[in-house]
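Respectively, the protein sequence lines represent chains H and V.
Everything in the first sequence is counted per the numbering used here, starting at 1 for the first residue and increasing by one.
Everything in the second sequence is counted per the numbering used here, starting at 1001 for the first residue and increasing by one.
Treat the hints as calculated values from the structure; they're not laboratory data.
Computed from a predicted structure; not experimentally measured.
Every residue, glycine too, gets a C-beta built ideally from N, C-alpha and C.
Just so you know, not all the hints are guaranteed correct.
[Claimed, not checked] Keeping only pairs whose Cα atoms sit at most 30 Å apart, straight-line, the calculated DSBU-like set for lysine-lysine is:
(1) H:K70 / V:K1057
(2) H:K73 / V:K1095
(3) V:K1009 / V:K1057
[What the hints assert, rightly or not] Not the full set, but computed from the structure, chain H residues with beta-carbon under 10 Å of chain V:
(4) E29
(5) S42
(6) E52
(7) F64
(8) K78
(9) L103
[Said to hold, decoys possible] One-sided excerpt, in silico: chain V residues whose CB lies under 7 Å from chain H:
(10) G1042
(11) L1043
(12) A1056
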Amino acid sequence: AQTVTQSQPEMSVQEAETVTLSCTYDTSENNYYLFWYKQPPSRQMILVIRQEAYKQQNATENRFSVNFQKAAKSFSLKISDSQLGDTAMYFCAFMEPFGNEKLTFGTGTRLTIIP
Amino acid sequence: DSGVTQTPKHLITATGQRVTLRCSPRSGDLSVYWYQQSLDQGLQFLIQYYNGEERAKGNILERFSAQQFPDLHSELNLSSLELGDSALYFCASTKGEGFGTQYFGPGTRLLVL
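Assemble the whole structure, with the sequences as input and the hints as a guide.
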């Protein structure tokens, strides 16, 4: 079974600084998707970024980027120029496509942006 | 706004009761997924439907059941409720199978007293 590990339960960073959240996963599959979801205090689950395992290029979305290391099974999220609105729980998630499409989530990292 | 709607937003009920949670997927999405978020279990996949048919089951209790209707909305039925069923229940949807990104609804917060 796939597992996703987020080893940082809590992090805090000053506004405008850069922060990196870590995620590792375990799978024997070669084709899969990885995601970062954000859950602010409203509890809504919001997609931050997605990475397909077959793509070597790291995904970026504005201030958010990932460092995807397939061989190491590592998928970290970098938030640049952090803003107060980035304060949230961040969940790393793994999914196999075509036939086993459930998301397997890590336990989350609570990120606080300090003004 | 993800385009996925869930009702009700909050539900308070007593042990032993039965409740129904409703989800409407994004326009055009055929797959619906249900997840449970609780303090002790984290975020867990419950069940998936695709175009009316059950596709995959996760850690869903026998007291729980779901279905997807011809108009593609889905309902999650929870019966013989226990205190431990208190959680946030999410519905997510995607266009079809293998399309990757799941978009989540706002969730239904269930409190069993």
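Taking each numbered hint in turn, which are not upheld by the structure, reported in ascending numerical order? 4, 7, 8
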